[in-house]
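Going line by line, the protein sequences match chains W and X.
When we follow the working numbering, the leftmost residue of the first sequence carries the number 1, and every step to the right adds one.
When we follow the working numbering, the leftmost residue of the second sequence carries the number 1, and every step to the right adds one.
It should be emphasised that the hints constitute simulated quantities derived from the structure, not laboratory data.
There could be a bad hint or two in this list.
To be verified - Here are the in silico distance ranges between beta carbons for each label pair:
1) W:G16 x X:A53: 27 to 37 Å
2) W:S20 x X:S79: 19 to 29 Å
3) X:P40 x W:S58: 26 to 36 Å
Unchecked claim - Simulated pairs of lysine to any residue, SDA-like, Cα-Cα distance not exceeding 20 Å:
4) X:K107 x W:K79
5) X:K111 x X:G61
6) X:K60 x W:Y102
7) X:K107 x W:F88
8) X:K52 x W:Y102
9) X:K107 x W:V12
10) X:K56 x X:H74
11) X:K111 x X:L19
12) X:K107 x W:A40
13) X:K107 x W:G43
14) X:K107 x X:D84
15) W:K79 x W:E59
16) X:K56 x W:Y102
17) X:K52 x W:G97
18) X:K107 x W:G87
To be verified - Cβ-to-Cβ under 7 Å is the rule here; a few derived chain X residues that face chain W:
19) E42
20) L44
21) K99
22) F102
23) G105
Beta carbons: idealized from backbone N, C-alpha and C, even for Gly.
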Amino acid sequence: SQTIHQWPATLVQPVGSPLSLECTVEGTSNPNLYWYRQAAGRGLQLLFYSIGIDQISSEVPQNLSASRPQDRQFILSSKKLLLSDSGFYLCAWSVPGTGGNYGYTFGSGTRLTVV
Amino acid sequence: GNSVTQMEGPVTLSEEAFLTINCTYTATGYPSLFWYVQYPGEGLQLLLKATKADDKGSNKGFEATYRKETTSFHLEKGSVQVSDSAVYFCALLLYNFNKFYFGSGTKLNVKP
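Please work from the sequences and hints to get the whole structure.
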């Protein structure tokens with residue numbers, strides 16, 4: 001069966017420090033991968049999505065970047081965190097070739113607090 | 001453009017009350033529609049979906065009917081439980097696209 005792992009679960013980082021959040025998927029090949037952010041009291045914002053290794057699409061200009069060095073690994077990074085980067089970050093995957101019509105499977109999320 | 005609009009929360013109900021959470025959408029194509037649920041401190045879980053007009057998605061006592069004429073996908077449950085307390089997200093997916101458009105979420109609080 002397919003599983004998605006996301007870590008760490010919580011993170012407190014000072015302003016200006018770097019960030020690296022990792023997401024891995026098991027039990028499937030060539031998944032579509034996504035990073036979403038949920039700011040406090042707000043909905044989900046798509047940050048990045050990827051349909052293959054080194055194929056990253058950015059949805060919004062921001063202080064973050066994403067990379068996919070391996071087929072089932074998706075990394076969210078920042079060189080210098082801002083206070084506005086605080087939020088709940090969710091990784092998700094969908095079955096390739098279906099357009100996501102079977103829904104996404106989400107990781108358990110990382111709560112990032114920038115202080 | 002493509003967007004999803006949900007009713008503002010929080011919604012507070014007593015146990016066994018009837019639930020409706022409104023969701024309407026705007027789409028440039030012919031979307032599939034979804035409801036996701038997020039329990040406190042967790043990621044999102046798929047609750048139900050409908051892929052074409054007049055389809056009804058159902059799961060765990062929740063239902064939603066895809067209404068093309070009113071561009072709506074309202075979530076309903078006949079008798080809510082305390083364990084249903086969560087945030088509910090409506091979402092649309094356009095055919096042949098790889099990304100969802102989510103509503104802002106509606107928080108449901110169910111009191112015993």
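Do the hints match the structure? See the list:
no., hint, verdict
1, W:G16 x X:A53: 27 to 37 Å, "51 Å, violated"
2, W:S20 x X:S79: 19 to 29 Å, "45 Å, violated"
3, X:P40 x W:S58: 26 to 36 Å, "30 Å, holds"
4, X:K107 x W:K79, "34 Å, violated"
5, X:K111 x X:G61, "18 Å, holds"
6, X:K60 x W:Y102, "18 Å, holds"
7, X:K107 x W:F88, "16 Å, holds"
8, X:K52 x W:Y102, "13 Å, holds"
9, X:K107 x W:V12, "26 Å, violated"
10, X:K56 x X:H74, "10 Å, holds"
11, X:K111 x X:L19, "13 Å, holds"
12, X:K107 x W:A40, "13 Å, holds"
13, X:K107 x W:G43, "11 Å, holds"
14, X:K107 x X:D84, "10 Å, holds"
15, W:K79 x W:E59, "19 Å, holds"
16, X:K56 x W:Y102, "15 Å, holds"
17, X:K52 x W:G97, "19 Å, holds"
18, X:K107 x W:G87, "17 Å, holds"
19, E42, "6 Å, holds"
20, L44, "4 Å, holds"
21, K99, "6 Å, holds"
22, F102, "4 Å, holds"
23, G105, "5 Å, holds"
Comparing the model with each earlier hint shows violations of hints 1, 2, 4 and 9; every other hint is respected.
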